[in-house]
Every structure is written in C-alpha cells, then in structure tokens.
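Peer 1: Sequence:
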Amino acid sequence: MSKIKYLFVLIIFVVMLIVPISRVSASTKTVELSTTPALDDPIYDGGTKVSDVGVAITAPLNSTTTPIDSEATAHSPKGYTWRVTIPDLCDGAQITGLRVKTNSHAENESPISGVFLLAYDVGTNRMFSHYSVNDGKGEDSNSWVPALTGFATPSIDRGTGDGTTSFPASLGANGQLDGTWDLSSSTVGNQVGIFVEHWITSNTATIQTTIQSVELSYDDSNCPNPSQTIANAVSAAPIVLTTPKESSAMAINAQKETDLSILDPFYEYPNGLVDFSFDTTQTDNEVSLVFVTDKLPSQVVVRKHNPNNKAFFTIPNANISETTYNNQHALKVTYTITDNGDLDLNPAIGKINDPVGLAVQAVAVPNTGLGNY
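Here the sequence shown is numbered in this note's numbering, starting from 1 and rising by one per residue.
Calculated directly from the structure, the hints in this document are not laboratory data.
Every residue gets a Cβ at the ideal spot worked out from N, C-alpha and C, and that includes glycine.
Any given hint might turn out to be false.
Claimed, not checked - Label-pair distances were calculated between CB atoms; the ranges are:
hint: 1; residue 1: N222; residue 2: D259; range: 34 to 42 Å
hint: 2; residue 1: N317; residue 2: D294; range: 22 to 30 Å
hint: 3; residue 1: L263; residue 2: R99; range: 52 to 60 Å
Unchecked claim - Quick list of in silico lysine to any residue cross-link-like pairs, SDA-like style, CA-CA up to 20 Å:
hint: 4; residue 1: K351; residue 2: N308
hint: 5; residue 1: K256; residue 2: P270
hint: 6; residue 1: K245; residue 2: T280
hint: 7; residue 1: K295; residue 2: A231
hint: 8; residue 1: K332; residue 2: S227
hint: 9; residue 1: K256; residue 2: A236
hint: 10; residue 1: K295; residue 2: F266
hint: 11; residue 1: K256; residue 2: V290
hint: 12; residue 1: K256; residue 2: S277
hint: 13; residue 1: K256; residue 2: N309
hint: 14; residue 1: K332; residue 2: N253
hint: 15; residue 1: K351; residue 2: G341
hint: 16; residue 1: K332; residue 2: D275
Whenever a hint applies, use it, and build me the whole structure from the sequences.
Peer 2: Have a look at this one:
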C-alpha cells in the first residue's frame, strides 16, 4: 500500500479523534495545556489505546507500541490521540496558533521507521500540516499532502547507516518534534485534533513517544467581560457587576446596610451594598458596577465597607457616570482594585473581595473629612 493510501486511511480515522477545547481568556496570549488520552476514540489499524486518563502534561503521557498489537503488520502505522481541555475559553475567542513538542525513543531496530505529529481542524476535517521524525534515510513523507511546513531536528537514526538489516536490542535513539501551526486564518473554532503516528516497518520494532508540552495561542478581543446581575437588597432594582476578561469564579451578594452590626454614620445606601469576589491573574483589576437608580452622579459617592473592622470609607478615584439599563436610568461606577491593595479584603494572591455601595449623605454634616474614613 502506498503512503498516499496510508494517509487516506489515517485521515478517515483521525477526523474522528476530537480534542474538545473549552474556555480561556486574555487577548492574544499563549497558555500551556494539560492533555488527557482519548480513550473513547477509536485507534485505527488495530492500535492499542493509551491509558492513565487525566494525567497532566507535567507528568508526560506515553504512547508506545510495546508490544505491537497482534493485528498490526509490517508497514502498518500505529496511531495515538490526545484530548486537550482548556478551562474558561469564551465562545468568541479565536484560536490563532498551536505548538506541540514531543520526544520519541527507538527501543530497537527497524528498516524504515518514523514518528508523525499531526493536527486537524475537526470542523472541516482538514489537516493543518504535519511534522516527522524519520530513520535518516530520507523516508520523511515529502510526497504527502499537504506538504510539511517544518522538519524535526535531530531525526531518529536507527544507527545502521543502510536501514535494512540490523536489529540491536536497544539503540536508544532519540528524536524531538516541535510542531507549530499558524491557525489565524483557519476556520477552527473550539476543536482541534492532535494525533501522533508511529510508522514502523517491522513487527519487532518499537517506538515510544512522549508529549512534552502543548501550547495554544488565542485572541479573546471579541469576548465579553464576565458579568453578573443581581437585585439590590432594598428595592430589588438591578445591579450589574463586570470584571476583567482574565477573571473567573465571580460571586456577588446583595445586602441591606441595616443588616450590618454597625451602620455608616455619615451615609445611607438606598440601593443597599454588594459584596463581590472573583479570581484574577492580574495585579490591577478594573471593575464596573451599574446601579439602576434615579440619582445623579453629583448626589452619590462610592463607599467601601470593611466587615473586619466595621469601617466605611469613600473609594478614591471612582468614576461615576450616567447610563441606562434596559431603558432605565442608571449610574455606572468604574474603579480599579489592586490585588492585596487597600480595596481587597482577601489576602490570598489572585483572589479579590470588595464590599461596596452607592451612598448618599445621610444628614448635613460639617466637611471635616471624616466621611472619607
């Protein structure tokens, strides 16, 4: 059977091998992924499925032909597939690039052997390109289509020079693959197939391939920032919280000032207070809160409540502007919270907690500055 025919068989089966990619965030960045062997996917040509479901990339996954499946014959390729899952990638994100690094080890001799690394757009069943490690004799799939966009260095060399007769017990030959795919013009959405193939021409040959790392580049400029809406605890009018794209695990609770053990001596809270939290990868985090209210910016201030010491203070540099929400008048509050800064009550790095409220002056008081603390 020709290599072209093998490729046709390979494509028929590999298009069934899906790597679901779910949600991430942050504009044009690269993240390292964890891989899980796709035990539910068929491995073509009698290949043996890999094991160790859920092992992360930091504990490399091995796919091996030891021993070769009894159904396999000489010149029969053996394939293995991995699923890659990324948490929190928004639906509007565009995958722009993929990079997969592998290391292959020749356990013994084979006249012509190689390892092929392939990536597929599952939506169109199109192979982006592939990379090969060969036996040093030129059997590197140059005639396959689409053409290679890169070669491995160094290649696996079985050590005999002629690639025909020697079968030492363990050659220990190694070869690395570093496959990089530009997916910016691809139609790929949230699914990519990653496939490793062992091309072996002897029933006694064995190759072991380890996936060392998988990196995905993506652009989330079209992704909306995370947001949640809650009814305020006083009038049930909506409050909308929006946090940075890089944030996750958002939580928001509404409460009345009158439910607090100590009240603010200078201000009242006609919309109540909101206690919100989220996880973040950034030091400085811009948040916004939209309060449906008939108040004007000149009539309100943004006040923070610290339940630990029962104190209230006005948040400096908070911007208050008029807006609408569902055709209702509203005020939008925007300010920046620094992780572990004055406004963050959670001492853990990467976790923000900030109880705040839109406040109006309770009574006419002298301008002593005490209301700022």
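Peer 1: Is it true that the CA of K332 sits at most 20 Å from the CA of D275?
Peer 2: holds, 17 Å
Peer 1: Could one say that the CB atoms of N222 and D259 fall in the range 34 to 42 Å?
Peer 2: holds, 41 Å
Peer 1: Quick one, are K351 and N308 close enough, alpha carbons at most 20 Å?
Peer 2: holds, 17 Å
Peer 1: Has the given pair, K351 with G341, been kept, meaning a C-alpha gap of at most 20 Å?
Peer 2: Within the cut-off at roughly 11 Å; holds.
Peer 1: Checking one constraint from the list: CA of K256 to CA of N309, max 20 Å. Satisfied?
Peer 2: holds, 18 Å
Peer 1: For the pair we were handed, K256 and V290, check the Cα-Cα distance against 20 Å.
Peer 2: holds, 17 Å
Peer 1: Is the straight-line distance between the alpha-carbon of K295 and that of F266 20 Å or less?
Peer 2: holds, 18 Å
Peer 1: So if I understand the rule, the pair passes when the alpha-carbon distance is 20 Å or less; does K295 with A231 pass?
Peer 2: holds, 17 Å
Peer 1: Within 20 Å, alpha carbon to alpha carbon, are K256 and A236?
Peer 2: holds, 11 Å
Peer 1: Would the pair K332 and S227 pass a check requiring their Cα atoms to be no farther apart than 20 Å?
Peer 2: Holds. K332 to S227 sits at ~14 Å (cutoff 20 Å).
Peer 1: Lying within 52 to 60 Å: is that true of the beta-carbon distance L263 to R99?
Peer 2: holds, 57 Å
Peer 1: Regarding N317 and D294, is the given constraint of 22 to 30 Å on their beta-carbon distance met?
Peer 2: holds, 25 Å
When each numbered hint is compared with the structure, no violation occurs for any of them.
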